[in-house]
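Sequences listed follow chains A and B, in order. Take 913 as the starting number for the first sequence in my numbering and just add one per residue. Take 3 as the starting number for the second sequence in my numbering and just add one per residue.
Derived by calculation from the structure, the hints in this document are not laboratory data. Treat the hints with caution; some may be incorrect.
What the hints assert, rightly or not - Pairs of lysine-lysine, BS3-like flavour, derived with a Cα cap of 30 Å:
#1 B:K247 to B:K259
#2 B:K415 to B:K426
#3 B:K236 to B:K259
#4 B:K360 to B:K396
#5 B:K396 to A:K1090
#6 A:K1010 to B:K396
#7 B:K415 to A:K1010
#8 B:K451 to B:K439
#9 B:K571 to B:K599
#10 B:K404 to B:K451
#11 B:K663 to A:K1072
#12 A:K1079 to B:K396
#13 B:K454 to B:K432
#14 A:K1010 to B:K469
All values reported here derive from a predicted model rather than from experimental measurement.
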Amino acid sequence: MSRQSPDPAPGRRSFLTEALAIACGGLATLTPVAAGVWAFLDPLRRKGGAASFLPVTELAAVPDDGVPRQFAVIAERADAWTGFAAEPIGAVYLRRGKGSDTVEALSATCPHAGCFVEMEPTGRCFRCPCHNSTFTLEGGIVAPSPSPRPMDGLECRVAKNGSVEVKWERFRAGVAEKIVQ
Amino acid sequence: MRHAPEEKMEIMKSSSAAGASSRKGPLGRLADFLDDRTGYRAVMHEALYERVPGGARWRYVWGSTLVFAFMTQLITGLFLWASYSASAQTAWESVYYIQHEMAGGWLLRGIHHFMAQAMVVLLALHLLQVVIDGAYRAPREVNFWLGLVLMMLVLGMALTGYLLPWDQKGYWATIVATNLAGIVPVFGPSIQQLVIGGTEYGHHTLTRFFALHAGFLPGALILMLVVHLSLFRKHGLHAKQPITKPDAMFWPDQVLKDAVAMLAVMAVVLGVILVPALKAMLAGEPVHAGHLGAELGAPADPSLPYAAARPEWYFLFLFQFLKVFEGWGATGEFLGAIVVPGLIMGVMFLMPILGNWKLGHRFNVAFTLGVIAGAGLLTALALNEDYYALWVDKAPLAEAQKLYDETGGDEAKLTAALGGDKAKLAAVEKQWETLEKIRRSQAFLDAAKQAKLDAARAIELAGRPEKIPPAGMLELVRADAKLQGPRLFAQHCASCHAHVDPQAPAAAAILATSSAANLFEFGRASWMRGLLDPAQVAGPAYFGNTAHKDGDMVSFVQGDLTDADQWKKDDIEAVIVAMAAEAGHADPGVQPAMLEKGRALVTDGERCGGCHKLGDNGTALGSAPDLTGWGSREWLVGIITDPTHERFYGDSNDRMPSFGKAAEGAAPMLSPQQIGLLADWLREDWYRP
């Protein structure tokens, strides 16, 4: 501490000193910040795994009465460091017309904000329990609905052995277009 | 370090006053020593001797209670942190442990949970007072802005804290909140991905939310709070005019008022924590952990719908606000979730500038009151939608309900039913709308009730002596027959089978619509007694609505069994007892002789054994279901897997699908685990504490 001595007058080299001080201090501080931000941004380079067809059930289990039924989608999944053996990862509604051999699949995830869409107890429409978005049994919007788009259809195929396979994808919520997430 | 002249004098005086300090006790000397080297007395003086214009007043306590609430959160949060573990397999588990196993954990978590809510209320009051008093005006603009930033930080902490227990409630609420963040233009999806730590919700969603909740946000909050408070001291307290009393010092008058207010806030929080327990005590019920403090829902399960998903009450208005834009499509959601809340915050930030206009202050006050009233109204609307069924009078709607049931809600049919009466049609349709509101509300109430039951069961399971497996609570929940049985049954069996106590009031209606046997207490003596009752066997609870209605079993029960010479009452009872024993449901009080007799009757080739196999009675499989181990887990798993197997119904199987059989490479309708769960549930074979 220099109690008595007056403040030294700014010298000629002061600009250089100031600039250097700021640069050195800044660089020193920015290093940990940069390392932190770099790691923090890691999720941005993670993409949802490539969509693949997952066997959901078999044809006989989807009654040909045009009424959608809920089925769990079961798959192996990884959550950061944990690998999970096959377990339910979501749900789809499957629907088959009278005598038809093709199955239509709708994702049970609400396109509005991502809640779980359920069938009305009356069985006449789908309704999301969060914001009351309502959909027809074909997945179409019942106006007025907060949802910006109909329920998301998923590609669905029936294998030769009768296995019903659904291409499991997630889509961005809250937008009118169906964009794979 | 530079010192003002007076301060230098102080230093010289204190160092030359060695004689004076020698007369002090050791504590006084220590204080002098410390003050010499730190100047703490001046700091304390500075902190405590703030001039309060017009003296201490109750209206000045709000800011202090907020600081107090934050300190409470900091203290309880740090202690919670000492027991919390942020990962998808440990978050719920560690919160369960805090809440239900650790001594005092419920109180710690209860204070943290409810003080967070108190903080939101105090924030609103503080903001309201600042705006009404015009305390945002020059030179306090920057401090007002800081206050708004602090408010957003607090709300951010509330939002991130909601997820941390990783229960169904927090999980689904967070999905909605983060999906809404995703609709911000350009950066939205990236923000969403950064916040949830990838594309799926899991470990990194928790670690990030926890880092935000306990690190970034409170860190920023502390920094801002320091500046907020120092600016508050710099500008002095914004005194409410007119000042009628003399000025006073902050210490001790205002501090006393602040302290009393803090204690009152704490008392309210403690009250909220303890009221459910007190209520239970007064009602003479035992107090259990669920009564104490904050709720913990069932563990988060992405594959399980959660129809009771709602944000915490102070965010309900935002939740309800989204419904205002029904039918606006993506624009509506963008407006409701981003634009309007953004504009409101924007206006609040402009208040210090708007306040310079002639009517600016009035506008600011009106705007703030309007926003708070609007939020209040939306909250009321949200609550009304959810709880409507509780308070609406359903009696006047009985006729409309009847018409709805008759017409199936079809307008054309209704018009016909009313004979084209337009006025009546409009009236009934209006009543139908009310009925629809009741139905939605009831669905929410049912879901909320179910959520409570699920949570209670999960907590019961977690408390088993074996504790939670390393894979986490979800594994235990998914393997619990009591939780999964009803869901699997509803999804796969209930379209034909009933599962209802025949004595229940609604039983008749449910049985009338079922097309296969009622499986309530299947395998038990009560079920078998009904089957062997000539009055019931062809009824809806047994074979009445099946292809076996006119089958051999029905004619046997209605024929042979009614012949008292062939079948005495005791014989039938013995068969019932023996069959329950096959299922493993033998009454412990039953006589061994009775069991033996029953078994002999069933085995007998002249009686049941004529069609049914039991053990090695020599009857070939194929004519009727094998009764060996009837109703046991193994037997039930077998029949659910493949009822067309010769051990069960073979070719005469009615409509029951083979749930566990599938072509090679295809997935069966039910996995072996699911079939086992159904069997266990039907047998009521599940963990009991």
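Tested hints:
no. : hint              : verdict
1   : B:K247 to B:K259  : 16 Å, holds
2   : B:K415 to B:K426  : 14 Å, holds
3   : B:K236 to B:K259  : 22 Å, holds
4   : B:K360 to B:K396  : 53 Å, violated
5   : B:K396 to A:K1090 : 42 Å, violated
6   : A:K1010 to B:K396 : 39 Å, violated
7   : B:K415 to A:K1010 : 25 Å, holds
8   : B:K451 to B:K439  : 18 Å, holds
9   : B:K571 to B:K599  : 13 Å, holds
10  : B:K404 to B:K451  : 27 Å, holds
11  : B:K663 to A:K1072 : 16 Å, holds
12  : A:K1079 to B:K396 : 45 Å, violated
13  : B:K454 to B:K432  : 33 Å, violated
14  : A:K1010 to B:K469 : 49 Å, violated
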